[in-house]
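If you read the sequences in order, they're chains A and B. Residue numbers for the first sequence follow my numbering, so the first one is 235 and each next one is one higher. Residue numbers for the second sequence follow my numbering, so the first one is 2 and each next one is one higher.
Do not take every clue at face value.
Only pairs whose alpha carbons sit at most 25 Å apart, straight line, appear in this in silico SDA-like list of lysine to any residue [stated by the list, open to error]:
hint	chain 1	residue 1	chain 2	residue 2
1	A	K387	B	D224
2	A	K396	B	I303
3	A	K387	B	S115
The calculated label-pair distances, taken between Cβ atoms and stated as ranges, are [unchecked claim]:
hint	chain 1	residue 1	chain 2	residue 2	range
4	A	V549	B	D319	36 to 42 Å
5	B	P346	A	G407	36 to 42 Å
6	B	D256	A	E539	25 to 31 Å
7	A	A347	B	I303	54 to 60 Å
8	B	A330	A	V369	54 to 60 Å
9	A	E539	B	E103	53 to 59 Å
Read the hints as simulated data drawn from the structure, not as lab findings. Quantities reported herein were computed from a predicted structural model and do not represent experimental measurements. Glycine included, C-beta positions come from ideal geometry on N, C-alpha and C.
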Amino acid sequence: MTTLKKITSHHLFLPIFALFLLLLFNAFFTPGFFMIKFQNGQLYGRVIDILNRSSILIVLSLGMTLVIGTGGIDISQGSVIAISGAICCYLIGGSGSGEANVPMFIACIAAIAACAILGAWNGFLVSKLKIQPMVATLILLTAGRGIAMLITKGQNITVYYKPFTYIGNTIPGNILPTTIFIATAMIILLVITLKKTSIGMFVQSVGINSTASHYTGIKVNKIIFMVYVFSGICAGIAGLMESSMIAAADPNNAGLNMELDAILSVALGGTLLSGGKFYLGGSVIGAITIQTMTTTLYAVGVSSEQLPVYKAIVVIFICLLQSESFKALFSRIPENLKKSKLTEDKKVVMKV
Amino acid sequence: MKLLKKLLSVLLVLVMLFSLAACGENGSASNSSASPSPSSSANSSSSSNSSSTGSSDKKITLGFAQVGSESEWRTANTEDIKRAAEAAGITLQFSDAQQKQENQIKAIRSFIASEVDVISFCPIVATGWDTVLQEAKDAGIPVILVDRGVSADPSLYVTHICADALAEGANAFNWIHGYIKEKGKTPRSGDVFNIAILEGTVGSSVAADRLKGFKDAIAAVEDADKYNILFSQTGEYTRAKGKEVMESFLKSGADKIDILFAANDDMALGAIQAIEAAGLKPGEDIIIVSIDAAKGAFNAMIEGKMNCAVEHTPNFGDLLMETAKKIVAGEEVPSKIMVEEGIFPADIAAQELPNRTY
Numbered sequence: 235m236t237t238l239k240k241i242t243s244h245h246l247f248l249p250i251f252a253l254f255l256l257l258l259f260n261a262f263f264t265p266g267f268f269m270i271k272f273q274n275g276q277l278y279g280r281v282i283d284i285l286n287r288s289s290i291l292i293v294l295s296l297g298m299t300l301v302i303g304t305g306g307i308d309i310s311q312g313s314v315i316a317i318s319g320a321i322c323c324y325l326i327g328g329s330g331s332g333e334a335n336v337p338m339f340i341a342c343i344a345a346i347a348a349c350a351i352l353g354a355w356n357g358f359l360v361s362k363l364k365i366q367p368m369v370a371t372l373i374l375l376t377a378g379r380g381i382a383m384l385i386t387k388g389q390n391i392t393v394y395y396k397p398f399t400y401i402g403n404t405i406p407g408n409i410l411p412t413t414i415f416i417a418t419a420m421i422i423l424l425v426i427t428l429k430k431t432s433i434g435m436f437v438q439s440v441g442i443n444s445t446a447s448h449y450t451g452i453k454v455n456k457i458i459f460m461v462y463v464f465s466g467i468c469a470g471i472a473g474l475m476e477s478s479m480i481a482a483a484d485p486n487n488a489g490l491n492m493e494l495d496a497i498l499s500v501a502l503g504g505t506l507l508s509g510g511k512f513y514l515g516g517s518v519i520g521a522i523t524i525q526t527m528t529t530t531l532y533a534v535g536v537s538s539e540q541l542p543v544y545k546a547i548v549v550i551f552i553c554l555l556q557s558e559s560f561k562a563l564f565s566r567i568p569e570n571l572k573k574s575k576l577t578e579d580k581k582v583v584m585k586v
Numbered sequence: 002m003k004l005l006k007k008l009l010s011v012l013l014v015l016v017m018l019f020s021l022a023a024c025g026e027n028g029s030a031s032n033s034s035a036s037p038s039p040s041s042s043a044n045s046s047s048s049s050n051s052s053s054t055g056s057s058d059k060k061i062t063l064g065f066a067q068v069g070s071e072s073e074w075r076t077a078n079t080e081d082i083k084r085a086a087e088a089a090g091i092t093l094q095f096s097d098a099q100q101k102q103e104n105q106i107k108a109i110r111s112f113i114a115s116e117v118d119v120i121s122f123c124p125i126v127a128t129g130w131d132t133v134l135q136e137a138k139d140a141g142i143p144v145i146l147v148d149r150g151v152s153a154d155p156s157l158y159v160t161h162i163c164a165d166a167l168a169e170g171a172n173a174f175n176w177i178h179g180y181i182k183e184k185g186k187t188p189r190s191g192d193v194f195n196i197a198i199l200e201g202t203v204g205s206s207v208a209a210d211r212l213k214g215f216k217d218a219i220a221a222v223e224d225a226d227k228y229n230i231l232f233s234q235t236g237e238y239t240r241a242k243g244k245e246v247m248e249s250f251l252k253s254g255a256d257k258i259d260i261l262f263a264a265n266d267d268m269a270l271g272a273i274q275a276i277e278a279a280g281l282k283p284g285e286d287i288i289i290v291s292i293d294a295a296k297g298a299f300n301a302m303i304e305g306k307m308n309c310a311v312e313h314t315p316n317f318g319d320l321l322m323e324t325a326k327k328i329v330a331g332e333e334v335p336s337k338i339m340v341e342e343g344i345f346p347a348d349i350a351a352q353e354l355p356n357r358t359y
């Protein structure tokens with residue numbers, strides 16, 4: 235009993251449980267959902283697709299988790315994704331001959347660096363000028379796509395340089411998509427950094443009470459500035475994966491509304507949007523859950539008009555599952571049942 | 002507290018004053034621009050009357066208010082209208098609204114003030130045009146809508162030149178039907194041709210019409226039971242979603258899909274990548290047809306990865322000029338004019354590519 239309680243009270247239990255329920259649904263209603271086969275020397279199946287696509291969201295949600303941990307929010311991520319893709323594709327160039335104008339490595343670094351600067355801008359507004367995070371990042375949310383359009387001159391740039399597609403797809407000879415490796419590497423790096431240094435604790439303490447943190451000697455502004463830069467870098471990497479996946483920069487649609495998905499995955503992971511204690515593992519599972527949901531709905535063949543409704547139903551269900559008051563309501567049910575049973579027994583006795 | 006109230010009331014009064022002043026200014030501005038016009042308008046209207054009744058040698062002036070330059074398609078559209086005006090000997094007053102309705106309304110008002118012979122514009126949004134269209138009507142200037150429509154009273158404009166989304170969908174299917182017959186293709190599995198459809202954005206009228214046109218065309222052929230729509234899902238007109246949804250289709254039935262119909266080029270280009278990743282040959286194993294026929298689709302067709310692109314043309318400049326001339330000459334024109342659009346199969350893609358403007 236105690237071990238069961240230990241498991242159910244673990245902070246990752248509910249996010250994993252929600253994901254498990256979704257997978258269970260698929261096991262029964264989607265034929266061949268878990269089937270993985272070997273094709274062209276790589277693994278091929280819906281599960282791989284889910285991992286491949288959720289990697290982008292995972293990377294995004296890592297940045298978002300830290301930002302939310304400090305009690306902030308970054309709604310500019312989607313636009314930064316568009317800028318990252320635009321810069322990288324612009325530098326590599328859309329020449330039909332399949333050659334790169336600028337070496338791909340430099341183009342990628344340039345894109346990520348630019349996104350770090352954009353993150354620094356957000357961080358500057360929030361930490362130095364004390365603008366509310368939602369408003370501060372709203373600036374880039376609106377302006378970002380415009381910037382991306384300026385870079386690509388309003389057109390989609392299609393890249394014919396083959397190695398560029400490796401980031402979002404599979405490097406020949408590998409059996410898994412590169413995105414999975416990138417996301418895993420990011421997770422490991424971040425976890426080690428947070429465990430080995432006290433940054434994680436600082437982020438939490440800023441989120442719980444920034445004034446108190448300030449008086450204990452934590453450089454609150456520096457921490458806040460840093461998490462926004464990190465969020466920008468995450469968005470930059472996600473932007474590279476996203477544009478590489480379709481081998482094109484699409485400033486209008488790349489990363490559209492993705493910041494909302496990132497916020498949702500952080501919330502599904504059990505981190506409170508008010509800041510404080512944050513759960514990286516939860517966010518990762520939240521991101522996978524969201525992608526599983528999308529893939530499931532496509533697999534089941536829900537018609538396009540009804541798609542958003544079903545998505546909403548699943549999200550409501552998962553949120554309810556995690557709500558404390560809702561859980562309290564349910565934990566009372568067994569007692570109520572017992573009570574009603576008792577009264578029934580009494581009635582029976584009376585009749586006799 | 003009292004002070005605050007006082008301040009507020011002063012502020013309110015100021016705001017009201019300003020708005021009044023703004024109104025006045027507007028009025029006076031329109032007056033001043035209109036004031037010299039009565040005399041000149043009397044002149045020009047009589048002259049234009051005489052010209053329309055007499056000979057049509059007077060040069061027609063067309064005021065055109067464009068949406069902006071948000072895409073290659075729009076840029077090509079602008080270029081075509083400018084070219085066609087020059088070729089037809091029509092004086093063009095061109096205005097770029099930069100995606101803002103108020104700019105477009107301003108442009109139309111200035112066209113009215115400068116008494117052009119015909120006004121044409123591509124409405125940015127469907128609503129809010131009644132007043133300015135009424136002004137044009139009162140001034141006796143005919144209005145031609147292009148591309149998108151408005152929700153205003155149809156009596157306020159003369160005609161609407163636009164692409165026929167229903168016909169585009171139907172063209173796509175009819176080409177597939179002909180292609181299958183010509184090549185004697187057989188279904189990859191079973192005895193019906195399974196179709197996968199990538200729809201446009203939900204709620205867009207063009208997306209709905211393209212889908213409807215396609216489905217109606219299936220129902221219209223004599224052997225309609227030979228075709229089966231196996232999958233249909235929105236790809237939101239984007240390459241990324243087109244690829245993701247196609248991946249899902251392929252997981253459910255890679256060995257069944259014979260035909261892919263995408264409501265725009267971008268989704269087809271994304272789907273092609275998914276098909277290749279699934280180990281199939283796009284264009285051979287699966288017949289791929291999309292709408293728009295932009296350069297990207299032509300490149301794919303030249304590589305043999307796509308079979309046909311149905312045109313959604315921005316090149317209706319000539320038609321617009323011709324219609325404007327007819328209206329000025331007093332001829333009757335239908336209330337809706339459909340643009341004729343081409344169909345480009347892969348075998349003529351290479352020779353057509355240099356002619357593509359978008």
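Exercise for review: Please write out, lowest number first, the hints stated earlier that are contradicted by the structure.
Suggested key: Failing hints, ascending: 1, 3, 4, 7 and 9.
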